[in-house]
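Enquirer: Now for the letters of each chain:
Protein chains: 2
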Amino acid sequence: MTIKDIARLAGVSVSTVSRALNNHPDVSEAAKEKVLEVVEKYNYIPNTSARELGKSSSDNIGVVVRGMSNPFYTDIIAAIGSRIEKAGYTMVMQQIGASDDEILTAARMERDKRLQGLIFLGGKLDYTKEQLTSINVPYVCCTFSNKYGTLDKSEYSSVCIDDNQAAYDAVQQLYSRGHRRIAVLLSGSKDGSVSQVRFAGYERALKDFGIALDEQLIIEINSYNIADAYKGMQYWLKKEIEFTALFAISDNMAMGAMKALKEAKKKVPGDVAVIAIDGIEASEYINPVLSTLCQPMEKMGSEAVKLLVDIISKKKSNRHVTLSTTLRAGETLE
Amino acid sequence: MTIKDIARLAGVSVSTVSRALNNHPDVSEAAKEKVLEVVEKYNYIPNTSARELGKSSSDNIGVVVRGMSNPFYTDIIAAIGSRIEKAGYTMVMQQIGASDDEILTAARMERDKRLQGLIFLGGKLDYTKEQLTSINVPYVCCTFSNKYGTLDKSEYSSVCIDDNQAAYDAVQQLYSRGHRRIAVLLSGSKDGSVSQVRFAGYERALKDFGIALDEQLIIEINSYNIADAYKGMQYWLKKEIEFTALFAISDNMAMGAMKALKEAKKKVPGDVAVIAIDGIEASEYINPVLSTLCQPMEKMGSEAVKLLVDIISKKKSNRHVTLSTTLRAGETLE
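As you go down the protein sequences, you meet chains X and S in turn.
My numbering puts the first residue of the first sequence at 128, with every later residue one more than the last.
My numbering puts the first residue of the second sequence at 128, with every later residue one more than the last.
Hints are computed from structural coordinates only; laboratory data are not their basis.
A virtual CB, placed ideally from N, CA and C, is assigned to each residue, including glycine.
Keep in mind that the hints are not guaranteed to be accurate.
If you anchor each label on the Cβ, the simulated ranges turn out as follows [said to hold, decoys possible]:
id : chain 1 : residue 1 : chain 2 : residue 2 : range
1  : S       : Thr449    : X       : Ile338    : 55 to 63 Å
2  : X       : Asn263    : S       : Asp228    : 36 to 44 Å
3  : S       : Glu425    : X       : Gly315    : 24 to 32 Å
4  : X       : Glu156    : S       : Thr255    : 25 to 33 Å
5  : S       : Val141    : X       : Gly315    : 36 to 44 Å
6  : S       : Glu425    : X       : Lys365    : 28 to 36 Å
7  : X       : Lys366    : S       : Glu160    : 42 to 50 Å
8  : X       : Asn263    : S       : His447    : 30 to 38 Å
9  : X       : Lys256    : S       : Thr449    : 47 to 55 Å
10 : S       : Asp318    : X       : Leu454    : 34 to 42 Å
11 : S       : Tyr275    : X       : Lys256    : 56 to 64 Å
12 : S       : Glu458    : X       : Lys366    : 24 to 32 Å
Could you put together the complete structure from these sequences and hints?
Expert: Set out below in structure tokens:
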């Protein structure tokens, strides 16, 4: 549909359409109304972005999501998407499996999609400088930082919670209710992911509270997947190790574990108290409602874009933002 | 990092690097190994896509997701993303609110992002020809069709389940277990969305089974949101209308409703049997496990991309694909 079609349908001249669309004073109200009626009916979009087409550089911001279908990312992605759009950029997203290499994916994206910047949603905490030489645009680590890596703080930005402290707080919630046999359900204790930091927080809490670390209470599943958490918990429960509480490092994993607990006739929270970290929407609608430390998902997403856009537009240099969690009391603590 | 850096770090000449990277026979195994070692260490990406940069048209496929943060879309988006990538295109996604206009968003995207094609994930079923004149690229309606609109079948593609039949099947599951007072939880009965088709299936089933439609059993919430379903159900339960079964048109809404039922001390399935449509992962991990008719999410996403790419590459013309649902027995039927 062109400006000529509009003119024909509205029964006015092309120059009248042009004047009406540009809010020119020299056009009658009646003509303007006719034009706008046609514009609305046909969803006509004035070609204001012809300039855009001539631009040599792209306005793409790449988002690499590690861990496909993780519900924890849904709200963050929505926030990232809307904020990127508002800032006048285009979101180009790629989702990769938990064992895929996000740096390699990002480097390919940077070149193929001519990115202005990158957001890593989920990823490893042990990047080396060498690994990152393939990335030549500013990037933000969202939901994690480079705690175990060798990157200089000035070379990247990050936005995340204090994962070690969140885990500590979760264990404290259980400890303060009298629990001493506290199992931990995690991906890995030395995997260089957020799982490792949260495990370190669990360890630190136990130490502070004078509880010896019991290897038997560590349930490693090498995954963040809900089905794997369910199966891992099922398997571990068969060992019949005595415990009264479970700290799951994510809501999703807690949901998987709770299904296994229910099937093993363990009452939550009567027999086993459960607490997690994340605060996804679904865990608020399960029975019993999951007690968890909620991450500010929307804020995390919009903050990541803000950091990146500030760097791209040379307003600010790399920064590191730590956000707070809030406890959702839920019904799984006792 | 350039080919020169590789040469320096590997201690070979630039032409040796070039030969090694292009699998040229005229290079020693030792030199090749040295080069590949450096390439791997620094995650170097050979510049094979320089050609890409010179292309005048973009390879963008737009995905407009209507209904932000709907967990039903998570797996479909993952499938769409990976399939678009495999086909050599770039996914440009935009998420819009439930009351936003997806056609307007798509028309803007088409122009600003120079799209080759479009996928609508979720949307209205009553598009008119006029509304769609602003879209000039091929498009696929994913999870819905144009049942109530005026588009010619040859003008667009679609992939969805038979929503009317799925609703019919859901009601039949309840009817066959003796239920006659079957409430329906839906977004709207005349809203031009999938909700309307599923409601029509509910109506058709009741008619076939000789049950009179009772307006009191229709719970309209004007939303697909889990929190709205919870609140809507809470409000409706206060009316104390007699019922023994609930058909929720989506898993997410069923989860919201089940929380309200639990709080109202209604046992599921003892007091109220529940069935839904969708089959999201979370509803498999709630207590009790939701009985639902599962949509083939992954297949739906990949099929949508396949249809679109076939049209873009002029291999095939517009097509309409209907996929089947499968019953997840769950624990909410009795």
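Enquirer: All hints are to be evaluated individually against the structure, with a verdict given for each.
Expert: Quick rundown of the hints versus the structure:
1. Thr449(S) - Ile338(X): 55 to 63 Å: 58 Å, holds
2. Asn263(X) - Asp228(S): 36 to 44 Å: 38 Å, holds
3. Glu425(S) - Gly315(X): 24 to 32 Å: Given range 24 to 32 Å: holds, Cβ gap about 27 Å.
4. Glu156(X) - Thr255(S): 25 to 33 Å: 27 Å, holds
5. Val141(S) - Gly315(X): 36 to 44 Å: 42 Å, holds
6. Glu425(S) - Lys365(X): 28 to 36 Å: Because 32 Å falls inside the window, the suggested range holds.
7. Lys366(X) - Glu160(S): 42 to 50 Å: 46 Å, holds
8. Asn263(X) - His447(S): 30 to 38 Å: With a Cβ separation near 45 Å, Asn263(X) and His447(S) fall outside 30 to 38 Å, so the hint is violated.
9. Lys256(X) - Thr449(S): 47 to 55 Å: 53 Å, holds
10. Asp318(S) - Leu454(X): 34 to 42 Å: 38 Å, holds
11. Tyr275(S) - Lys256(X): 56 to 64 Å: Cβ of Tyr275(S) to Cβ of Lys256(X): about 58 Å, so the range 56 to 64 Å holds.
12. Glu458(S) - Lys366(X): 24 to 32 Å: 27 Å, holds
The structure fails hint 8 only (numbered hints given earlier).
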